[in-house]
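Chains as they are written, first to last, in our numbering: chain D, 70 to 180; chain P, 74 to 184.
Since the hints were made in silico from the structure, they are not lab data. Given the structure is predicted, the values throughout are model-derived calculations rather than measurements. Here a beta-carbon is modelled for each residue, glycine too, at the ideal position from N, C-alpha and C. Treat the hints with caution; some may be incorrect.
[Stated by the list, open to error] Covered stretches of chain P (in silico footprint by chain D; criterion: 3 or more residues with CB under 8 angstroms from a CB of chain D, positions within the stretch not fixed):
| # | region |
| --- | --- |
| 1 | 115 to 122 |
| 2 | 168 to 179 |
[What the hints assert, rightly or not] Listed below are the simulated DSBU-like cross-link pairs for lysine-lysine, each with C-alpha atoms no more than 35 angstroms apart in a straight line:
| # | chain 1 | residue 1 | chain 2 | residue 2 |
| --- | --- | --- | --- | --- |
| 3 | D | 179 | P | 114 |
| 4 | P | 109 | D | 138 |
| 5 | D | 138 | P | 140 |
| 6 | P | 82 | D | 121 |
[As the list claims (entries may be wrong)] In silico contact screen, one side only, chain D against chain P (beta carbon under 7 angstroms); selected entries:
| # | residue |
| --- | --- |
| 7 | 101 |
| 8 | 112 |
| 9 | 113 |
| 10 | 169 |
| 11 | 170 |
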Amino acid sequence: DAKTTQPPSMDCAEGRAANLPCNHSTISGNEYVYWYRQIHSQGPQYIIHGLKNNETNEMASLIITEDRKSSTLILPHATLRDTAVYYCIVRVNTNAGKSTFGDGTTLTVKP
Amino acid sequence: DTAVSQTPKYLVTQMGNDKSIKCEQNLGHDTMYWYKQDSKKFLKIMFSYNNKELIINETVPNRFSPKSPDKAHLNLHINSLELGDSAVYFCASSTSPLELFFGSGTQLSVL
């Protein structure tokens with residue numbers, strides 16, 4: 070799996086958009102970018118994934134640069150319940166792929 | 074109606090004991106996983122089963138033995154527990170390798 074780099078922490082004001090960056094400069098052509106988050110004392114929760122195109126679902130948007138070396142997860146209107154550790158992971162789409170969740174970004178949404 | 078449930082939630086035991094953690098999913102997924110989250114919050118895959126067949130077995134001591142009686146269950150048995158085994162263990166299941174559904178975790182404390 071390609072290595073990812075995320076800032077260790079970020080703050081965001083409640084109601085504002087939270088933009089979480091991720092660098093994955095060694096990504097290969099068949100590797101997907103996907104995001105999970107872990108709210109304190111809970112299991113990780115899937116958010117979104119993408120290969121090349123930008124993606125949007127009810128939780129977030131994923132913007133992937135044209136060269137695919139970086140991406141940004143956008144929470145359009147952050148709430149206090151979005152305070153969590155956000156993990157960016159890059160891996161192939163097979164069951165044989167290995168998933169290790171690295172350090173992640175601790176997002177704190179403030180009132 | 075919990076999707077992925079694991080028991081117990083907390084497990085406190087002495088060094089040298091043998092213990093088991095149970096996991097069940099009612100999502101109809103074919104693949105199940107065990108992850109370990111250490112004190113630094115690094116989440117790493119241990120095992121993965123697909124239709125009761127072991128497909129991922131990371132560098133985990135032989136004291137850890139997963140058992141999948143059917144595709145809805147993946148239990149983790151640990152022999153001769155050591156202090157370093159203290160961690161939070163998460164069970165997960167998926168139908169797609171990109172979207173994992175995690176349980177709420179079992180916090181294991183070895184004294």
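Hints not upheld, ascending by number: 5, 6
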